[in-house]
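S.K.: Using the hints, position chain B with the ligand against chain A.
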Amino acid sequence: MSDVLLPSAELAYSAPDAAGFYGPYGGTFVPETVVPALAELAAAYEQALADPAFTEEFAYLLRDYVGRPSPLYRADRLAEAVGLGAVYLKREDLNHTGAHKVNNTIGQCLLARRMGKKRVIAETGAGQHGVATATIAALMGMECAIFMGTEDIRRQALNVYKMRLLGAEVIPVADGTGTLADAVTAALRHWVERVEDTFYVIGSALGPHPYPRMVRDFQSVIGTEALAQLEEKGVGHLDAVIACIGGGSNAIGTFYPFLSALPADQRPLLVGAEAAGLGLESGRHGAALTKGSPGVLHGFYSYLLQDDAGNPLEAYSISAGLDYPGVGPEHSYLKDEGLVRYEGVTDAEALAAFALLTRTEGIIPAIESSHALALLPRLAAELGSEAVVMVTVSGRGDKDMDIVREAGLGG
Amino acid sequence: MGDTPSRLADAFPADRAALITYLMAGYPDRATSLASLRAAAGAGADVIELGVPYGDPLADGPVIAEAAKVAREQSGGFGLAESIALAAEFIGPDEAGAMPPVVLMTYLNPMMRFGLPGAADEMRRAGVAGVIVPDMPPEAARAWLTVSSGIDTVFLAAPTSTDERLAVVAGASGGFVYCVSSTGVTGERAEIASGLGELVGRIRAHTALPVAVGFGVSTPEQAAEVARIADGVIVGSAIVKRQRDAAAVAELVGELRSAVGGGEA
Ligand SMILES: Cc1ncc(COP(=O)(O)O)c(C=O)c1O
Numbered sequence: 001m002s003d004v005l006l007p008s009a010e011l012a013y014s015a016p017d018a019a020g021f022y023g024p025y026g027g028t029f030v031p032e033t034v035v036p037a038l039a040e041l042a043a044a045y046e047q048a049l050a051d052p053a054f055t056e057e058f059a060y061l062l063r064d065y066v067g068r069p070s071p072l073y074r075a076d077r078l079a080e081a082v083g084l085g086a087v088y089l090k091r092e093d094l095n096h097t098g099a100h101k102v103n104n105t106i107g108q109c110l111l112a113r114r115m116g117k118k119r120v121i122a123e124t125g126a127g128q129h130g131v132a133t134a135t136i137a138a139l140m141g142m143e144c145a146i147f148m149g150t151e152d153i154r155r156q157a158l159n160v161y162k163m164r165l166l167g168a169e170v171i172p173v174a175d176g177t178g179t180l181a182d183a184v185t186a187a188l189r190h191w192v193e194r195v196e197d198t199f200y201v202i203g204s205a206l207g208p209h210p211y212p213r214m215v216r217d218f219q220s221v222i223g224t225e226a227l228a229q230l231e232e233k234g235v236g237h238l239d240a241v242i243a244c245i246g247g248g249s250n251a252i253g254t255f256y257p258f259l260s261a262l263p264a265d266q267r268p269l270l271v272g273a274e275a276a277g278l279g280l281e282s283g284r285h286g287a288a289l290t291k292g293s294p295g296v297l298h299g300f301y302s303y304l305l306q307d308d309a310g311n312p313l314e315a316y317s318i319s320a321g322l323d324y325p326g327v328g329p330e331h332s333y334l335k336d337e338g339l340v341r342y343e344g345v346t347d348a349e350a351l352a353a354f355a356l357l358t359r360t361e362g363i364i365p366a367i368e369s370s371h372a373l374a375l376l377p378r379l380a381a382e383l384g385s386e387a388v389v390m391v392t393v394s395g396r397g398d399k400d401m402d403i404v405r406e407a408g409l410g411g
Numbered sequence: 412m413g414d415t416p417s418r419l420a421d422a423f424p425a426d427r428a429a430l431i432t433y434l435m436a437g438y439p440d441r442a443t444s445l446a447s448l449r450a451a452a453g454a455g456a457d458v459i460e461l462g463v464p465y466g467d468p469l470a471d472g473p474v475i476a477e478a479a480k481v482a483r484e485q486s487g488g489f490g491l492a493e494s495i496a497l498a499a500e501f502i503g504p505d506e507a508g509a510m511p512p513v514v515l516m517t518y519l520n521p522m523m524r525f526g527l528p529g530a531a532d533e534m535r536r537a538g539v540a541g542v543i544v545p546d547m548p549p550e551a552a553r554a555w556l557t558v559s560s561g562i563d564t565v566f567l568a569a570p571t572s573t574d575e576r577l578a579v580v581a582g583a584s585g586g587f588v589y590c591v592s593s594t595g596v597t598g599e600r601a602e603i604a605s606g607l608g609e610l611v612g613r614i615r616a617h618t619a620l621p622v623a624v625g626f627g628v629s630t631p632e633q634a635a636e637v638a639r640i641a642d643g644v645i646v647g648s649a650i651v652k653r654q655r656d657a658a659a660v661a662e663l664v665g666e667l668r669s670a671v672g673g674g675e676a
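As you go down the protein sequences, you meet chains A and B in turn.
The first sequence begins at 1 in the working numbering and counts up by one.
The second sequence begins at 412 in the working numbering and counts up by one.
Wrong hints could be hidden among the right ones.
[Stated by the list, open to error] Computed footprint of chain B on chain A; a stretch qualifies when at least three of its residues, placed anywhere within it, have a C-beta under 8 Å from a C-beta of chain B:
{"no.": "1", "stretch": "28-34"}
{"no.": "2", "stretch": "181-192"}
{"no.": "3", "stretch": "309-316"}
[Stated by the list, open to error] Far from chain B, by Cβ distances over 12 Å, these chain A residues were calculated:
{"no.": "4", "residue": "A39"}
{"no.": "5", "residue": "P71"}
{"no.": "6", "residue": "K118"}
{"no.": "7", "residue": "D175"}
{"no.": "8", "residue": "G279"}
{"no.": "9", "residue": "E349"}
{"no.": "10", "residue": "L351"}
FYI, nobody ran anything at the bench for these hints, they're computed from the structure.
Idealized CB from N, CA, C, for every residue including glycine.
Next comes chain A alone, as it looks inside the complex (with noise of 0.2 Å):
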């Protein structure tokens, strides 16, 4: 576990720096009074990363827990539908809460516990988030309370029971539109007030240092895993590797590994899938990396969709969990630097995948995880019907069952 949170001194790809930027992105862009609690944050994160009991702990709970390490299942079905050669599928659907977002809140939890926090915090756009950190919450007998905005309270109804059912406290944020990012700004708000006796548990790699790293940390186990697996099936040649963006945890934690383990010449292509919602186009989406400018928000400098003042925009996804105007710092980085490629899905193209993944093979993705499914079509006309494609199914489809009724799909 230690060699994957640990990067090695002999790597090309080293971001962050110190001060947690990776090129101009990324830093600390906050209110004082939460300055020293990322400090001790920061620090007490280096600290574990060197202790073995904590890197120990965080293996076997993904283990013997979660139930990792996650299959990485040939979907010869689906690659014969989309026309490609094979095309592998990385399970985070089939995660103990559903979803990846559950290895970041065992490692980020792990961490308030060591750092003598009893109360955790959250964000939470699909409840995906919510519903990992009130498990490990209640796993580890800590308080929990949730922020959720009102509109995303309405389209995930089922996991905002589960969460009240974990003993979590769900709390409501109406401002805005009522989703993530107001969610994220209601969560921080709160952390500055209760700073001294809570830790906030960021669900995505996002945020000021040292989140975006720590949670990249955290999820990297999903691309580690993955180039094992690899192996093991003797998968010699892989042509790309695809997953979803919304604050960008499930996709950094897939492709960090494979930029730090794989030599430039030697890599997939990359890919990230942002939301394009209605088209990119049409001023309704969440495509921050392909249609926004640098700025500041949430305490960190990153692509941002904004206006002319400076204003945040309203993101618009059918997805929730990919609704945000910003990404996390990295994949501005890596958009800049040319290293991961990213482009938009509209919300017709995601249920469409959505609804060929369930017919082709038998497994129901989230919503989100089917922006990334969306690619695969693309894919084979630009790679060829012989190409060999990985997919990060970030998570499994069951909260989205309304949405995609709503939409139409199985009549």
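M.R.: Just chain B with the ligand now, with coordinates in the frame of chain A:
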């Protein structure tokens, strides 16, 4: 930074605490906010803190956040450029003139979007004396500080700041040091935090600049209490609440001014 002349530092009277009044630019509309600014100045504010409407006011409570929203949503919008222009009109052509100095309270992204050098130029042209940027701690301010000569940058110290950080904050500040009275966002509080005197003392150990206290000071009684501890008292939400009515602003500012003057005048 103590050697350069500072209009902000000079606005702190020697014999009593300064009264710093926060108003939201463009709220509820441009003309009314200008009238309220003039009312606050006329009723004895020593420094005007002018809030720039922004869409994600992370450090602000409900009153100021709502005012920002109303200001931004008026036709044509209201942001940093409009706020600087409003400040220019309020200050008038003679910046050493009758009006109290203006310190802009803006989040960082509007300045970045404007362009930091351009934002500094516009502020200087308008006669703005300083800025307070709540999401720009000193470590994040390097780019701004290289272009902002002539404009004081007021940094914030918090109850959670270690002595080490207080040294950084106080060392980087110009004009005055903004002491955040308690953890949390702006807005009215029932009581002044108990550790405030000690915190102000810890800040003073690191600087000769005046120390002003804000966040949660709303009534004349609270202002009087803070005035006994600190060099300046910052009142925001309580004034913004009355900002639709310049006469109500003048009345409250007058009471606050009497309160900080104490019986010593
Ligand atoms: C299943 C699933 N996938 C993806 C995401 C997007 O987040 P991230 O980009 O951080 O992986 C979410 C967020 O809620 C999610 O629930």
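S.K.: Hint by hint, note whether the structure agrees.
M.R.: Do the hints match the structure? See the list:
With 7 residues having a beta carbon nearer than 8 Å to a beta carbon of chain B, the stretch 28-34 of chain A meets the requirement of three or more and the stated coverage holds. Note: the stretch 181-192 of chain A has 5 residues with beta-carbon separation from chain B under 8 Å; the three-residue rule is met and the coverage holds. With 4 residues having a Cβ less than 8 Å from any Cβ of chain B, the stretch 309-316 of chain A passes the three-residue criterion, so the hint holds. The beta carbon of A39/A sits about 8 Å from the closest Cβ of chain B, which is not more than 12 Å, so the claim that it is off the interface is violated.
Against the 12 Å criterion, P71/A stays outside the reach of chain B, whose nearest CB is about 40 Å from its own CB. Chain B leaves K118/A outside its interface by the beta-carbon criterion, the shortest separation being 18 Å against a cut-off of 12 Å. The beta carbon of D175/A sits about 8 Å from the closest Cβ of chain B, which is not more than 12 Å, so the claim that it is off the interface is violated. Consistency note on G279/A: stated as away from chain B, and its beta-carbon is indeed over 12 Å from all of that chain's, at 24 Å minimum.
Distance check for E349/A against chain B: the nearest CB is about 29 Å away, which clears 12 Å, and the non-interface claim stands. Remark: the non-interface label on L351/A is consistent with the geometry, its nearest Cβ contact in chain B lying 30 Å away (cut-off 12 Å).
Of the numbered hints listed earlier, those contradicted by the structure are 4, 7.
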